[in-house]
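Enquirer: Take these sequences, add in the hints, and give me the full structure.
There are 2 protein chains.
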Amino acid sequence: MTDPNEPELLEHIGWRLHVVFQRWKTLFAQKMVEQGCPWIAEARGELIQHISRKGVGQNVLVERSGLTKQAVQQHLDALAADGVIERVSDPKDARKKRVLFTDKGIDSLHRANAVKREIESEFIELLGKKEFAQLSKALQRLSDPPRAQG
Amino acid sequence: MTDPNEPELLEHIGWRLHVVFQRWKTLFAQKMVEQGCPWIAEARGELIQHISRKGVGQNVLVERSGLTKQAVQQHLDALAADGVIERVSDPKDARKKRVLFTDKGIDSLHRANAVKREIESEFIELLGKKEFAQLSKALQRLSDPPRAQG
DNA sequence: AGCCTTTAGTCAAGCTAATTGACGATATAG
DNA sequence: CTATATCGTCAATTAGCTTGACTAAAGGCT
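Those protein sequence lines, which keep their order, are chains A and B.
According to the working numbering, the residues represented by the first sequence are 1 to 150, in order.
According to the working numbering, the residues represented by the second sequence are 1001 to 1150, in order.
If you're looking for bench data, these hints aren't it; they were derived computationally from the structure.
Keep in mind that a hint or two might mislead.
Chain A stretches covered by chain B per the calculated footprint, using a threshold of three residues with CB under 8 Å from any CB of chain B [unchecked claim]: (1) 16 to 28; (2) 127 to 134.
Some chain A residues flagged as far from chain B (calculated, every beta-carbon gap over 10 Å) [claimed, not checked]: (3) 33; (4) 36; (5) 60; (6) 61; (7) 62; (8) 69; (9) 71; (10) 74; (11) 83; (12) 86; (13) 87; (14) 89; (15) 92; (16) 100; (17) 103; (18) 104.
As a list, the in silico DSSO-like pairs of lysine-lysine whose alpha-carbon atoms are at most 30 Å apart [unchecked claim]: (19) A:25 with B:1130; (20) B:1031 with A:137; (21) B:1137 with A:25; (22) A:129 with B:1137.
From a predicted model like this one, the values you see are computed outputs, not experimental measurements.
Just so you know, even glycine gets a beta-carbon here, dropped at the ideal spot from N, CA and C.
Expert: Next comes the structure, spelled out in structure tokens:
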């Protein structure tokens, strides 16, 4: 149905998600540059979200990020070169390496969290508290793997 | 505030947007492969959303897509090589080229629109009609450039 | 012990998407 | 009719991943 003489072009949920996510990313990148952490808005910045304070095995990072081990490695190389993380060998298993934050890394984590809260505040201001909560909940529901359905 | 001993990790709106958008893209890609149009889920597929039936100037495509003219050109080269679009010179301005869909291109547009509707239906089923409408509206509001604020 | 398989990480090459830079050709303003 | 801006192209480069080939260390099994 829907007469296809003029396509709806940009009126579908995928496009809306795209635009808003793009906006979030741009805001985040700009603000993190201001914070002196430009790298955190790059692809390797995504990775640090998966590193916990006590450190994680590099392999765990692979699982959590969904990237290949090679991609993870390349990002970690870059992060280590910038002094954000360091790799230490696991004394119990000579194959494994633990990935740890440096002090600089911890600091940038704090800054990133603050910026994320800041952006959320901006979104809340635009939408209203209630609508933002609804949005967040809706996105959360769509994130869950809806494998079975009866 | 918020004791930073364990960061909130993946509990911010940016991450939620990321996950859901990722899911949308994956669904779209899968379904378009099934439709025999794998290329439409690639980067160049994004571009065809901006092409109207009567054709558009290549430069217009640059503005709408936000890409550089070189990037647009490369995508158009690829799309033309796959017989999805064709470029014709503008008789009124020898510099300009109009980008037109081929029949194959039109067909894939129809398929893409159908698939988008299909995914929307799935989302609606997961969320409920009302909640989906709220989500859509919220995203739309966040898309608008909120430049001035008093 | 020794062998086989799995796991962890590395090294190298290649691909896609997008970039910047340098150009040729055509319009348009002065 | 020259100066400038616009439109498109060609070439090289970067970022972010991928696949493939490999080393080294555990762990299981005989």
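Enquirer: Hint by hint, say whether it matches the structure.
Expert: We went through each hint and held it up to the structure:
Closer than 8 Å: that is the beta-carbon criterion, and the stretch 16 to 28 of chain A has 10 residues meeting it against chain B, so the requirement of 3 holds. Closer than 8 Å: that is the beta-carbon criterion, and the stretch 127 to 134 of chain A has 4 residues meeting it against chain B, so the requirement of 3 holds. The non-interface label for residue 33 (chain A) is consistent with chain B: the shortest C-beta to C-beta separation is roughly 16 Å, beyond 10 Å. Consistency note on residue 36 (chain A): stated as away from chain B, and its beta-carbon is indeed over 10 Å from all of that chain's, at 18 Å minimum.
Residue 60 (chain A), annotated as away from the interface, keeps every beta carbon of chain B farther than 10 Å; the closest lies near 13 Å. Distance to chain B confirms residue 61 (chain A) as a non-interface residue, since its nearest Cβ pair spans about 13 Å, more than 10 Å. The claim that residue 62 (chain A) lies off the interface holds: its Cβ sits roughly 16 Å from the closest Cβ of chain B, which is beyond the 10 Å cut-off. With a closest Cβ-Cβ approach of about 20 Å to chain B, residue 69 (chain A) is found to remain outside the 10 Å limit, as its non-interface label requires.
The claim that residue 71 (chain A) is not at the interface with chain B holds, since no C-beta of that chain comes within 10 Å of its own (minimum 16 Å). Distance check for residue 74 (chain A) against chain B: the nearest CB is about 20 Å away, which clears 10 Å, and the non-interface claim stands. Once the 10 Å rule is applied to beta carbons, residue 83 (chain A) is consistent with being away from chain B; the minimum gap is 19 Å. For residue 86 (chain A), the requirement that its beta carbon stay farther than 10 Å from each beta carbon of chain B is met, with the minimum near 18 Å.
Listed as a non-interface residue, residue 87 (chain A) keeps its Cβ farther than 10 Å from every Cβ of chain B; the least gap is roughly 20 Å. With a minimum CB-CB distance of about 25 Å to chain B, residue 89 (chain A) clears the 10 Å threshold, and the non-interface call stands. In this structure residue 92 (chain A) is separated from chain B by more than 10 Å, as the shortest Cβ-Cβ distance comes to about 24 Å. The non-interface label for residue 100 (chain A) is consistent with chain B: the shortest C-beta to C-beta separation is roughly 14 Å, beyond 10 Å.
In this structure residue 103 (chain A) is separated from chain B by more than 10 Å, as the shortest Cβ-Cβ distance comes to about 13 Å. At roughly 15 Å from the closest C-beta of chain B, the C-beta of residue 104 (chain A) stays outside 10 Å, upholding its exclusion from the interface. Pair hint residue 25 (chain A) plus residue 1130 (chain B) holds up; C-alpha atoms about 28 Å apart against a cutoff of 30 Å. Between residue 1031 (chain B) and residue 137 (chain A), the direct Cα distance comes to roughly 26 Å. Compliance with the 30 Å bound is thereby established for this hinted pair.
Between the alpha carbons of residue 1137 (chain B) and residue 25 (chain A) the distance comes to roughly 20 Å, so the proposed pair stays at or under 30 Å and holds. As the CA atoms of residue 129 (chain A) and residue 1137 (chain B) are separated by approximately 15 Å, the hinted pair is consistent with the 30 Å bound.
Checked against the numbered hints above, the structure breaks none of them.
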